[in-house]
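Q: Sequence:
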Amino acid sequence: YKSTKCFYVTLADNTQEIFSYRLAVNGSLSNEQLFNNACRESISQRLKSFKKKVFKNRPVKCAISTKELEWEESHVDHKNPLTFSVIVKAFITMNNLDVNKIDYVENDGIVSFKEKNLSISFDEFHKKMAVLRIVSKEENLKRSGSSRVKPTSKDFLL
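Plus 1 on top of the position in the sequence shown (first one is 1) and you've got our numbering.
Among the clues, some could well be false.
Unchecked claim - Capping the alpha-carbon separation at 20 Å, the derived lysine to aspartate or glutamate pairs in EDC-like fashion look like this:
1) K138 to D124
2) K53 to E71
3) K57 to E42
4) K115 to D99
5) K53 to E33
6) K115 to D104
7) K117 to E42
8) K53 to D124
9) K52 to E71
10) K90 to D104
11) K54 to E69
12) K52 to D99
13) K68 to E139
14) K49 to E73
15) K52 to E73
16) K102 to E116
17) K115 to E33
18) K117 to E33
19) K62 to E73
20) K117 to D99
21) K54 to E73
22) K52 to E125
23) K52 to E140
24) K68 to E140
25) K80 to D14
26) K115 to E42
27) K129 to E42
28) K80 to E139
29) K49 to E140
No wet-lab data here; the hints were simulated from the structure. Since we're looking at a predicted model, the values are computed, not measured.
Please work from the sequences and hints to get the whole structure.
A: Take a look at the structure:
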């Protein structure tokens with residue numbers, strides 16, 4: 002795949018299977034990861050449009066470091082506290098979804114919701130919630146893990 006680190010492997014029986022080093026090390030994606038990936042795919046066009054719109058007014062500066070950026074060295078970031086992870090968790094909760102019961106389709110390594118209405122619903126929800134900004138790849142990757150919503154042993158549900 003051009004935009005991923007995945008490729009197909011042809012097996013001895015002439016069938017093809019997707020392969021990536023992450024899948025080889027970590028195993029198959031969890032239902033939560035599949036849901037997350039399908040949510041990202043649901044908003045991918047909106048994020049591309051946002052980035053194109055911002056880059057029409059050059060120069061573009063990183064919202065964190067204020068360094069001038071070119072297209073290739075920039076990412077679209079969800080500003081805290083409504084990070085992408087928080088928006089996904091809120092969507093799941095508000096719609097009372099069980100991520101273990103959702104069906105997906107995979108096409109060229111891209112995971113999407115099988116039910117198109119779920120994709121549309123997430124896109125609309127995201128549109129209302131997200132505060133987007135352009136940041137450098139370095140700044141985005143530095144902060145990516147720290148803003149994910151991770152369950153802890155001290156979490157309790159009502």
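Q: Could you run down the list of hints and mark each one as holding or not?
A: The hints, checked one at a time:
| no. | hint | result |
| --- | --- | --- |
| 1 | K138 to D124 | violated (24 Å) |
| 2 | K53 to E71 | holds (12 Å) |
| 3 | K57 to E42 | violated (24 Å) |
| 4 | K115 to D99 | holds (15 Å) |
| 5 | K53 to E33 | violated (30 Å) |
| 6 | K115 to D104 | holds (5 Å) |
| 7 | K117 to E42 | holds (12 Å) |
| 8 | K53 to D124 | holds (18 Å) |
| 9 | K52 to E71 | holds (11 Å) |
| 10 | K90 to D104 | holds (18 Å) |
| 11 | K54 to E69 | holds (16 Å) |
| 12 | K52 to D99 | violated (32 Å) |
| 13 | K68 to E139 | holds (11 Å) |
| 14 | K49 to E73 | holds (12 Å) |
| 15 | K52 to E73 | holds (11 Å) |
| 16 | K102 to E116 | holds (12 Å) |
| 17 | K115 to E33 | holds (15 Å) |
| 18 | K117 to E33 | holds (18 Å) |
| 19 | K62 to E73 | holds (13 Å) |
| 20 | K117 to D99 | holds (17 Å) |
| 21 | K54 to E73 | holds (15 Å) |
| 22 | K52 to E125 | holds (18 Å) |
| 23 | K52 to E140 | holds (16 Å) |
| 24 | K68 to E140 | holds (10 Å) |
| 25 | K80 to D14 | violated (48 Å) |
| 26 | K115 to E42 | holds (12 Å) |
| 27 | K129 to E42 | holds (17 Å) |
| 28 | K80 to E139 | holds (15 Å) |
| 29 | K49 to E140 | holds (19 Å) |
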